[in-house]
Amino acid sequence: MIKQKLVHDELSIDSYVQKVNGLCPLMPEEVGLLLRAMGYPPTTRIYLAGSESFGGQRVMIPLRAMYTNLVDRSNLCNKYELNKLLGTESPLPVNHTHVKAAEELKKERGPHPRPQPPPPGRRIYQHEKEGWHGWIGEKESEPDPSPIDLRDKAHRLLWDALDYVVSVEADAFFPGFNNDGTGSPDFSSLVMGHRLYQMASSRTYRPDRKFLAKLFNSSSDNLYFPKRSWTVAARDHLHNSLEEAGLKRQLLQSKLVSFLSHPIPECTCTTMKPIGDHHECPKWLKDSVAKSYQQQTATTNENEQPDDDDEMDEFQSDSEDENVSNELTVERDEEMDPND
Numbered sequence: 161m162i163k164q165k166l167v168h169d170e171l172s173i174d175s176y177v178q179k180v181n182g183l184c185p186l187m188p189e190e191v192g193l194l195l196r197a198m199g200y201p202p203t204t205r206i207y208l209a210g211s212e213s214f215g216g217q218r219v220m221i222p223l224r225a226m227y228t229n230l231v232d233r234s235n236l237c238n239k240y241e242l243n244k245l246l247g248t249e250s251p252l253p254v255n256h257t258h259v260k261a262a263e264e265l266k267k268e269r270g271p272h273p274r275p276q277p278p279p280p281g282r283r284i285y286q287h288e289k290e291g292w293h294g295w296i297g298e299k300e301s302e303p304d305p306s307p308i309d310l311r312d313k314a315h316r317l318l319w320d321a322l323d324y325v326v327s328v329e330a331d332a333f334f335p336g337f338n339n340d341g342t343g344s345p346d347f348s349s350l351v352m353g354h355r356l357y358q359m360a361s362s363r364t365y366r367p368d369r370k371f372l373a374k375l376f377n378s379s380s381d382n383l384y385f386p387k388r389s390w391t392v393a394a395r396d397h398l399h400n401s402l403e404e405a406g407l408k409r410q411l412l413q414s415k416l417v418s419f420l421s422h423p424i425p426e427c428t429c430t431t432m433k434p435i436g437d438h439h440e441c442p443k444w445l446k447d448s449v450a451k452s453y454q455q456q457t458a459t460t461n462e463n464e465q466p467d468d469d470d471e472m473d474e475f476q477s478d479s480e481d482e483n484v485s486n487e488l489t490v491e492r493d494e495e496m497d498p499n500d
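For the numbering used here, count along the sequence shown from 1 and bump the result up by 160.
Keep in mind that the hints are not guaranteed to be accurate.
What the hints assert, rightly or not - Using C-beta positions, here's what the derived DEER-type ranges look like:
#1 N382 x P305: 44 to 52 Å
#2 E404 x P305: 40 to 48 Å
#3 N235 x F214: 18 to 26 Å
#4 N229 x S362: 18 to 26 Å
#5 V180 x Y200: 23 to 31 Å
#6 Y207 x D312: 19 to 27 Å
#7 D381 x A314: 43 to 51 Å
#8 N235 x E403: 30 to 38 Å
Stated by the list, open to error - For lysine-lysine, the following BS3-like pairs were computed, each having C-alpha atoms within a straight-line distance of at most 25 Å:
#9 K387 x K370
#10 K370 x K179
#11 K374 x K408
#12 K374 x K179
#13 K387 x K374
#14 K313 x K299
#15 K179 x K408
#16 K239 x K313
#17 K299 x K260
#18 K244 x K313
#19 K179 x K387
#20 K408 x K370
These aren't lab readings, by the way, just hints derived from the structure by calculation. Quick caveat, the model's predicted, so the values are computed rather than measured. For every residue, glycine included, the Cβ atom is placed at its ideal position computed from N, Cα and C.
Between the sequences and the hints, there should be enough to build the whole structure, so can you do that?
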């Protein structure tokens with residue numbers, strides 16, 4: 161894998177150092193402990209989005225014990241609803257295995273006598289060839305994907321899109337892992353940026369994994385019964401991640417990697433200065449707003465001009481009515497003169 165430049169990092173990695181530096185994702189057990197420290201009741205419904213966790217369902221046992229209403233797309237939607245989302249699909253061609261005849265095998269064996277062949281190697285099962293690494297031991301270059309692989313990839317994209325919609329519309333979002341350092345946008349960062357643009361006041365946690373790693377190491381022996389100071393520290397950190405501190409950290413970490421992970425101030429403007437020099441609207445946005453304001457003012461003036469004319473006509477008609485009424489009053493006074 162190193163020879164073919166599939167792996168660029170060091171293969172000898174100290175997991176403890178990676179964890180302390182905040183480069184490892186939060187485990188489901190740690191997420192459950194943080195949610196419990198925030199005061200979420202055990203009956204809270206939690207939707208698990210994204211790919212399958214490393215370790216499978218075994219690592220999900222502590223989180224399911226703390227929050228029994230843990231669901232995902234597989235148990236929240238039935239098979240009919242998932243198939244309806246996929247739509248109609250044409251059947252794929254079946255790959256028939258070619259079985260060699262006895263004559264072909266006889267030609268391959270060659271003339272007798274011959275040396276004994278080496279003992280056969282261990283059988284390589286089909287499940288060992290599946291995935292992105294299945295071709296490394298057989299070919300020098302990656303083969304073209306089969307129709308089944310393409311269809312599975314399309315299905316995974318649909319599942320990811322479903323998880324994305326649910327995550328954006330959720331009441332609260334807690335990322336287990338974001339800003340992986342690869343330079344490409346990840347699922348959690350895109351959801352956080354979309355929620356910031358669509359609903360800036362939504363409850364989107366932006367935890368600092370480096371700080372949380374130190375916090376968990378300080379109470380590794382009593383995670384389920386932590387001290388009051390540990391709970392207060394975790395709660396204060398998560399509350400701050402919802403406010404300016406979390407926005408500033410997200411700006412410094414994700415802005416340079418992906419614009420969609422933090423679409424501020426390009427898509428919105430801030431009135432205060434909590435994030436350094438990025439408090440003003442961009443020049444193109446200011447010019448656009450000024451131009452639209454001028455057009456709106458001109459349109460308003462054009463619409464108000466006929467109204468002024470109508471008001472002048474009404475004023476003139478009112479004046480004429482007043483003059484007529486005054487003349488009638490004078491005539492009545494002359495007729496009712498008491499000296500007569």
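The hints, checked one at a time:
1. N382 x P305: 44 to 52 Å: For N382 and P305 the Cβ distance comes to about 49 Å; the hint holds.
2. E404 x P305: 40 to 48 Å: 46 Å, holds
3. N235 x F214: 18 to 26 Å: Since N235 and F214 have Cβ atoms about 20 Å apart, the given range 18 to 26 Å holds.
4. N229 x S362: 18 to 26 Å: Holds, at about 21 Å.
5. V180 x Y200: 23 to 31 Å: 27 Å, holds
6. Y207 x D312: 19 to 27 Å: 23 Å, holds
7. D381 x A314: 43 to 51 Å: For D381 and A314 the Cβ distance comes to about 47 Å; the hint holds.
8. N235 x E403: 30 to 38 Å: 34 Å, holds
9. K387 x K370: This hinted pair holds, its Cα atoms lying about 20 Å apart.
10. K370 x K179: Given that 25 Å is the threshold and the Cα spacing comes to 8 Å, the pair holds.
11. K374 x K408: 21 Å, holds
12. K374 x K179: The hint holds at about 9 Å.
13. K387 x K374: 15 Å, holds
14. K313 x K299: 22 Å, holds
15. K179 x K408: It holds: about 23 Å lies between the C-alpha atoms, which stays within 25 Å.
16. K239 x K313: 18 Å, holds
17. K299 x K260: Answer holds: K299 to K260 is near 23 Å, not above 25 Å.
18. K244 x K313: With a Cα-Cα distance of about 17 Å, the restraint between K244 and K313 holds, given a limit of 25 Å.
19. K179 x K387: Given that 25 Å is the threshold and the Cα spacing comes to 22 Å, the pair holds.
20. K408 x K370: 16 Å, holds
No hint from the list above goes unmet by this structure.
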